[in-house]
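Given these sequences and hints, build the entire structure.
Below are the chains, spelled out letter by letter.
Protein chains: 2
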Amino acid sequence: MFSEEMVKSVGGGSEIRAMFEQGAKLAAQFGAENVYDFTLGNPDPEADPEVTAAIKKYADEPGIHKYMPNAGYKDVREKIAAYMKEQNGVDYTFENVLMIAGAAAGLNVVLKSLLNPGENVIVIAPYFVEYLSYIRNHRGVPNIVKAKADSFDIDVDAVVNAINSETKAILLNSPNNPTGVVYSEEALRALAEAVAKKEEEYGHEIYVLSDEPYIKLTYSGVKVPSIPSIFRNSIVVNSFSKSLALPGERIGYIIVNPAIKDADILMQGMIICARTLGYVNAPSLFQKVIADNLDLTTGLESYAERGELLYNIITEAGFECLKPQGAFYLFPKAPIEDDRAFCKAALKYNLILVSGSGFGCPGYFRLAYCVSKETILRSKNAWMELGKEFGLI
Amino acid sequence: MFSEEMVKSVGGGSEIRAMFEQGAKLAAQFGAENVYDFTLGNPDPEADPEVTAAIKKYADEPGIHKYMPNAGYKDVREKIAAYMKEQNGVDYTFENVLMIAGAAAGLNVVLKSLLNPGENVIVIAPYFVEYLSYIRNHRGVPNIVKAKADSFDIDVDAVVNAINSETKAILLNSPNNPTGVVYSEEALRALAEAVAKKEEEYGHEIYVLSDEPYIKLTYSGVKVPSIPSIFRNSIVVNSFSKSLALPGERIGYIIVNPAIKDADILMQGMIICARTLGYVNAPSLFQKVIADNLDLTTGLESYAERGELLYNIITEAGFECLKPQGAFYLFPKAPIEDDRAFCKAALKYNLILVSGSGFGCPGYFRLAYCVSKETILRSKNAWMELGKEFGLI
Chain H
16 MFSEEMVKSV
26 GGGSEIRAMF
36 EQGAKLAAQF
46 GAENVYDFTL
56 GNPDPEADPE
66 VTAAIKKYAD
76 EPGIHKYMPN
86 AGYKDVREKI
96 AAYMKEQNGV
106 DYTFENVLMI
116 AGAAAGLNVV
126 LKSLLNPGEN
136 VIVIAPYFVE
146 YLSYIRNHRG
156 VPNIVKAKAD
166 SFDIDVDAVV
176 NAINSETKAI
186 LLNSPNNPTG
196 VVYSEEALRA
206 LAEAVAKKEE
216 EYGHEIYVLS
226 DEPYIKLTYS
236 GVKVPSIPSI
246 FRNSIVVNSF
256 SKSLALPGER
266 IGYIIVNPAI
276 KDADILMQGM
286 IICARTLGYV
296 NAPSLFQKVI
306 ADNLDLTTGL
316 ESYAERGELL
326 YNIITEAGFE
336 CLKPQGAFYL
346 FPKAPIEDDR
356 AFCKAALKYN
366 LILVSGSGFG
376 CPGYFRLAYC
386 VSKETILRSK
396 NAWMELGKEF
406 GLI
Chain P
16 MFSEEMVKSV
26 GGGSEIRAMF
36 EQGAKLAAQF
46 GAENVYDFTL
56 GNPDPEADPE
66 VTAAIKKYAD
76 EPGIHKYMPN
86 AGYKDVREKI
96 AAYMKEQNGV
106 DYTFENVLMI
116 AGAAAGLNVV
126 LKSLLNPGEN
136 VIVIAPYFVE
146 YLSYIRNHRG
156 VPNIVKAKAD
166 SFDIDVDAVV
176 NAINSETKAI
186 LLNSPNNPTG
196 VVYSEEALRA
206 LAEAVAKKEE
216 EYGHEIYVLS
226 DEPYIKLTYS
236 GVKVPSIPSI
246 FRNSIVVNSF
256 SKSLALPGER
266 IGYIIVNPAI
276 KDADILMQGM
286 IICARTLGYV
296 NAPSLFQKVI
306 ADNLDLTTGL
316 ESYAERGELL
326 YNIITEAGFE
336 CLKPQGAFYL
346 FPKAPIEDDR
356 AFCKAALKYN
366 LILVSGSGFG
376 CPGYFRLAYC
386 VSKETILRSK
396 NAWMELGKEF
406 GLI
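Protein chains in written order, with the working numbering: chain H, 16 to 408; chain P, 16 to 408.
Just so you know, these hints were derived from the structure itself, not from any lab.
Do not take every clue at face value.
The list treats identical chains as interchangeable, and a pair is accepted whether it falls inside one copy or across any two copies.
What the hints assert, rightly or not - Listed next, the in silico BS3-like pairs over lysine-lysine satisfying Cα-Cα at most 30 Å (straight line): (1) K71 <-> K94; (2) K359 <-> K89; (3) K338 <-> K403; (4) K89 <-> K40; (5) K71 <-> K89; (6) K303 <-> K72; (7) K338 <-> K213; (8) K403 <-> K388; (9) K303 <-> K238; (10) K403 <-> K89; (11) K303 <-> K89; (12) K40 <-> K303; (13) K363 <-> K276; (14) K89 <-> K388; (15) K72 <-> K89; (16) K238 <-> K72; (17) K23 <-> K40; (18) K23 <-> K72; (19) K303 <-> K71; (20) K359 <-> K395; (21) K238 <-> K338; (22) K212 <-> K94; (23) K163 <-> K40; (24) K94 <-> K72; (25) K100 <-> K388.
Owing to the predicted nature of the structure, the values given are computational and were not obtained by experimental measurement.
Take a look at the structure:
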């Protein structure tokens with residue numbers, strides 16, 4: 016009666032959101048302070064005062080709420096181009112920038128602009144699960160390649176072996192959701208070299224789509240290698256959901272490497288795709304707000320502290336986990352093979368976790384530590400009980 | 016190299032936007048005050064003080080910029096359900112409301128949720144041209160039916176004759192862009208009766224999608240018949256782009272008639288489709304802002320005055336046109352068969368118009384009168400000259 020595809024998807028839904036709703040139910044039952052919800056990448060800090068001041072400042076600026084060119088305000092695009100040029104050493108201009116309603120929107124626009132039916136996009140597991148929906152939505156085929164087992168760094172050989180004549184793009188996300196890992200410069204450079212050879216072999220471009228919402232969130236001096244400086248055929252998608260704690264506002268951008276052949280056609284096409292998908296333009300007020308705050312990072316120190324704190328607690332409880340590098344996620348090993356069964360067991364202690372299976376990586380689970388410090392501190396006993404139940408301590 | 020479909024679309028683009036850019040060029044050449052740009056439905060009035068006050072009020076409310084449930088804030092959805100219940104006499108609840116980033120986004124989400132490949136959507140010409148892209152984007156087939164020649168009201172017999180076993184939906188837009196016409200209650204009731212018979216004949220629902228961004232903009236006492244009260248299987252898409260002069264902010268909603276069979280599955284499916292399309296949620300701050308201002312209509316009196324003024328000028332210049340009923344468009348007859356050639360001729364007088372062909376209705380042209388009163392007044396001589404050139408006066 017409705018779209019058959021849509022009806023099939025109902026019930027499937029998002030495991031993250033399902034666990035988030037489970038957490039809300041437990042909170043209603045036991046009180047929010049007794050429930051430890053680590054499900055959602057919903058930044059705990061409020062927006063910085065500079066950001067709220069900018070909202071108020073622009074609220075009644077003449078013309079601010081009107082249509083502007085579909086690609087966004089020119090001055091905003093110029094500021095982003097200048098910022099990204101400085102960060103990456105790439106000669107971006109405003110004509111390479113398309114303002115868009117967040118990174119999920121940006122990925123949709125880029126994929127629609129690139130993909131012909133049946134073309135492949137390489138996705139590195141673990142991955143943000145909706146990547147697969149986005150790719151399929153534009154009639155592409157996700158080609159899933161596992162990251163290295165211990166470090167979750169890119170397994171360059173595995174990626175190169177997965178490239179075939181239908182490979183249109185490689186989707187990277189570093190700092191990574193769900194692992195919190197930053198892909199190493201060594202792996203990226205090796206990949207770039209191998210991809211260039213494959214491009215020659217197959218006679219067509221292989222684009223690198225870099226989804227970078229967490230790029231400003233790294234800890235203990237970890238640096239994120241610049242993907243646009245390493246990959247010529249790179250398209251970056253970014254949002255201010257995490258870096259300025261504005262996930263509800265849906266504001267971000269796409270920036271195309273000017274070295275891409277026919278980059279101008281790609282930009283025109285992306286604008287049309289954004290219209291066809293119903294985006295029209297990125298929210299106007301927030302374009303101006305973020306452009307005034309490109310150098311700001313909201314909550315960085317608190318994330319660093321909380322990541323460390325949670326890491327210490329769970330390792331004390333006997334869980335195996337990499338140290339936090341970036342984003343605001345930990346991705347510990349589940350103590351039993353069945354990670355979904357493990358997350359279910361954790362609910363007994365009011366610990367709300369998301370299984371690694373939800374990210375294409377069974378045997379692990381994800382913790383979002385963008386929650387209050389109190390939640391983390393209070394969760395310690397629950398972790399110790401959980402560790403005991405599974406014989407870890 | 017890129018998506019072939021995308022590359023083909025580049026250059027096609029939007030005629031409205033192309034003429035708008037032509038206008039900007041002429042304005043740079045002759046001065047903005049000497050160019051009469053009637054191309055874009057970009058409201059001239061600024062947002063009302065109540066709206067900008069609400070933006071400032073909510074800017075630093077705790078949690079305001081965070082993720083909320085994908086369907087939107089519950090209190091916002093409740094306010095919209097109550098408002099729509101009052102307006103239409105339909106028993107809406109918040110569970111029928113999905114907050115979404117504007118009507119274009121809403122239509123995309125609804126079409127993705129409804130359409131199986133090859134299914135038909137009836138569109139009444141003249142129409143907002145991007146309807147066709149939206150429908151094709153979700154693998155549907157637009158089935159175009161002409162409105163009545165003189166009144167631009169729905170031609171019920173023609174619509175009924177166009178319904179076939181593949182017809183999934185009928186897309187209505189009243190007050191209409193580009194004609195400014197409000198479809199008559201008589202035609203809508205006759206259509207509802209005929210559609211019910213066809214649903215029985217074919218054994219499946221035929222949904223009525225009502226795109227209502229102009230519903231609050233009517234003049235001279237014209238009333239818009241309530242489509243949800245007339246059509247059981249109705250889904251309304253609305254935005255605050257026109258009624259609150261916020262087109263840049265991308266804020267609107269979808270509301271599903273609770274009488275629709277499995278309305279709850281449709282709602283769950285629409286939420287998933289909104290995620291897959293990358294929308295995630297409607298911009299959070301503006302959800303709260305519009306919910307506090309549902310009774311407000313920005314610029315209504317000025318539109319009434321300007322529509323009347325422009326109507327008087329162009330009819331004095333000899334053009335044939337219906338009196339303004341709703342929205343902020345006039346759709347006069349072109350004095351020659353080739354409406355694109357006519358619009359080109361008008362450029363000589365710095366009159367920037369959009370051809371009826373751009374709306375699937377050759378032989379006419381569209382005027383958006385959501386421009387300043389001064390622009391309309393100053394354009395008089397140009398209209399008189401144009402009328403003279405075509406022997407109308």
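Hint-by-hint comparison with the structure:
1. K71 <-> K94: both (20 Å within a copy, 25 Å between copies)
2. K359 <-> K89: So K359 and K89 pass the 30 Å test across copies only (28 Å; inside, 50 Å).
3. K338 <-> K403: Cα proximity of K338 and K403: one copy only (22 Å, versus 79 Å across).
4. K89 <-> K40: Answer is between: at 16 Å across copies they meet the 30 Å cutoff, but 46 Å inside does not.
5. K71 <-> K89: This pair counts as both: shortest intra-copy Cα distance 21 Å, inter-copy 25 Å.
6. K303 <-> K72: both (10 Å within a copy, 18 Å between copies)
7. K338 <-> K213: neither (34 Å within a copy, 64 Å between copies)
8. K403 <-> K388: within (23 Å within a copy, 76 Å between copies)
9. K303 <-> K238: Within. Shortest intra-copy distance 28 Å satisfies the 30 Å Cα cut-off; inter-copy 38 Å does not.
10. K403 <-> K89: Neither: 58 Å inside a chain and 40 Å across chains, both beyond 30 Å.
11. K303 <-> K89: Both, since 10 Å and 28 Å are each at most 30 Å.
12. K40 <-> K303: between (38 Å within a copy, 25 Å between copies)
13. K363 <-> K276: Neither, since 55 Å and 38 Å both go past 30 Å.
14. K89 <-> K388: Answer is between; shortest inter-copy Cα gap is 28 Å, intra-copy 40 Å.
15. K72 <-> K89: So K72 and K89 pass the 30 Å test inside a copy (19 Å) and across (28 Å) alike.
16. K238 <-> K72: neither (34 Å within a copy, 38 Å between copies)
17. K23 <-> K40: within (26 Å within a copy, 50 Å between copies)
18. K23 <-> K72: neither (46 Å within a copy, 42 Å between copies)
19. K303 <-> K71: Cα proximity of K303 and K71: in one copy and across copies (11 Å, 15 Å).
20. K359 <-> K395: Answer is within: at 18 Å inside a copy they meet the 30 Å cutoff, but 73 Å across does not.
21. K238 <-> K338: within (15 Å within a copy, 64 Å between copies)
22. K212 <-> K94: So K212 and K94 fail the 30 Å test inside a copy (35 Å) and across (58 Å) alike.
23. K163 <-> K40: neither (37 Å within a copy, 55 Å between copies)
24. K94 <-> K72: both (18 Å within a copy, 28 Å between copies)
25. K100 <-> K388: neither (36 Å within a copy, 44 Å between copies)
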